[in-house]
Amino acid sequence: MYTYDNGWEYEWYAKNDHTVDYRIHGGMVAGRWVKDQEANIVMLTPGIYKVAWTEPTGTDVALDFVPNEKKLNGTIFFPAWVKQHPEITVTFQNEHIDRMHEAREKYDTYPKMVVPEFAHITYIGDSGQNNEDVIAEAPYDGITNDIRAGKYFDENYRRIKK
-6 MYTYDNGWEY EWYAKNDHTV DYRIHGGMVA GRWVKDQEAN IVMLTPGIYK VAWTEPTGTD
54 VALDFVPNEK KLNGTIFFPA WVKQHPEITV TFQNEHIDRM HEAREKYDTY PKMVVPEFAH
114 ITYIGDSGQN NEDVIAEAPY DGITNDIRAG KYFDENYRRI KK
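The sequence shown begins at -6 in my numbering and counts up by one.
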């Protein structure tokens, strides 16, 4: 989990060498969550990673992780329509891909809203690869605190049932 300097909070999981899952807990699209997003994931040098992808919304994301220093730099390139209608994206994207494509075609793409920000990593865990429990439900108020406090996952990164 990480928090950008602008206050936006994200939870992100490198599911494997080409796929990421994430939930958004703060910012203009808080409440959005995504599974199985194809991404380009590379190690630039030991301890520094670059991850980039394009969402069905047309949003482009580029993240540079420096986990040993608990920081990252991210740039998000939001199409104009996401800035104008963020509520369309605040859902479980996987069940609404057609809706994302329709909005991308219906509304303006340009000018893009470019958000370059540094972030502080607030939590790092090792949940293994392809763990479907890591990002398995919509974000809720307090979920990030539950995760950091050890109240959300067991020792094997399986969700603790409520």
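To be clear, the hints were calculated from the coordinates, so they are not data collected in a lab. Where hints are given, some of them may not hold.
[As the list claims (entries may be wrong)] Restraint-style ranges between C-beta atoms, simulated for each label pair:
| hint | residue 1 | residue 2 | range |
| --- | --- | --- | --- |
| 1 | Asn(-1) | Glu125 | 26 to 32 Å |
| 2 | Lys63 | Lys99 | 16 to 22 Å |
| 3 | Val83 | Asp147 | 27 to 33 Å |
| 4 | Thr47 | Ile153 | 17 to 23 Å |
| 5 | Thr115 | Asn33 | 22 to 28 Å |
| 6 | Phe70 | Asp91 | 33 to 39 Å |
| 7 | Arg141 | Asp101 | 26 to 32 Å |
| 8 | Asn149 | Glu80 | 32 to 38 Å |
| 9 | Thr115 | Val35 | 34 to 40 Å |
| 10 | Asn9 | Ile90 | 16 to 22 Å |
| 11 | Thr102 | Asn61 | 20 to 26 Å |
| 12 | Phe85 | Tyr116 | 20 to 26 Å |
Owing to the predicted nature of the structure, the values given are computational and were not obtained by experimental measurement. C-beta: ideal position from N, C-alpha, C; glycine also.
Structure-based check of all given hints:
Under the hint 26 to 32 Å, the C-beta atoms of Asn(-1) and Glu125, about 31 Å apart, fit the expected range. Restraint check, Lys63 to Lys99: a C-beta distance of roughly 40 Å breaks the suggested window 16 to 22 Å. At about 29 Å, the beta-carbon gap between Val83 and Asp147 stays in the expected band of 27 to 33 Å. Checked against the hint of 17 to 23 Å, the pair Thr47 and Ile153 fails, with Cβ atoms roughly 34 Å apart.
As the Cβ distance of Thr115 to Asn33 is approximately 25 Å, the hint placing it in 22 to 28 Å holds. Between Phe70 and Asp91 the beta carbons are some 22 Å apart, a value that contradicts the proposed interval 33 to 39 Å. Range check, Arg141 to Asp101: about 39 Å between beta-carbon atoms, so the 26 to 32 Å window is missed. Range check, Asn149 to Glu80: about 36 Å between beta-carbon atoms, so the 32 to 38 Å window is met.
For the hinted restraint 34 to 40 Å between Thr115 and Val35, the CB-CB distance of approximately 24 Å leaves it violated. Under the hint 16 to 22 Å, the C-beta atoms of Asn9 and Ile90, about 20 Å apart, fit the expected range. Distance hint check: the CB atoms of Thr102 and Asn61 are about 37 Å apart, inconsistent with the given range 20 to 26 Å. For Phe85 and Tyr116, the Cβ-Cβ distance of about 22 Å falls inside the hinted range of 20 to 26 Å, so the restraint holds.
In terms of the numbered hints stated before, the structure departs from hints 2, 4, 6, 7, 9 and 11, listed from lowest to highest.
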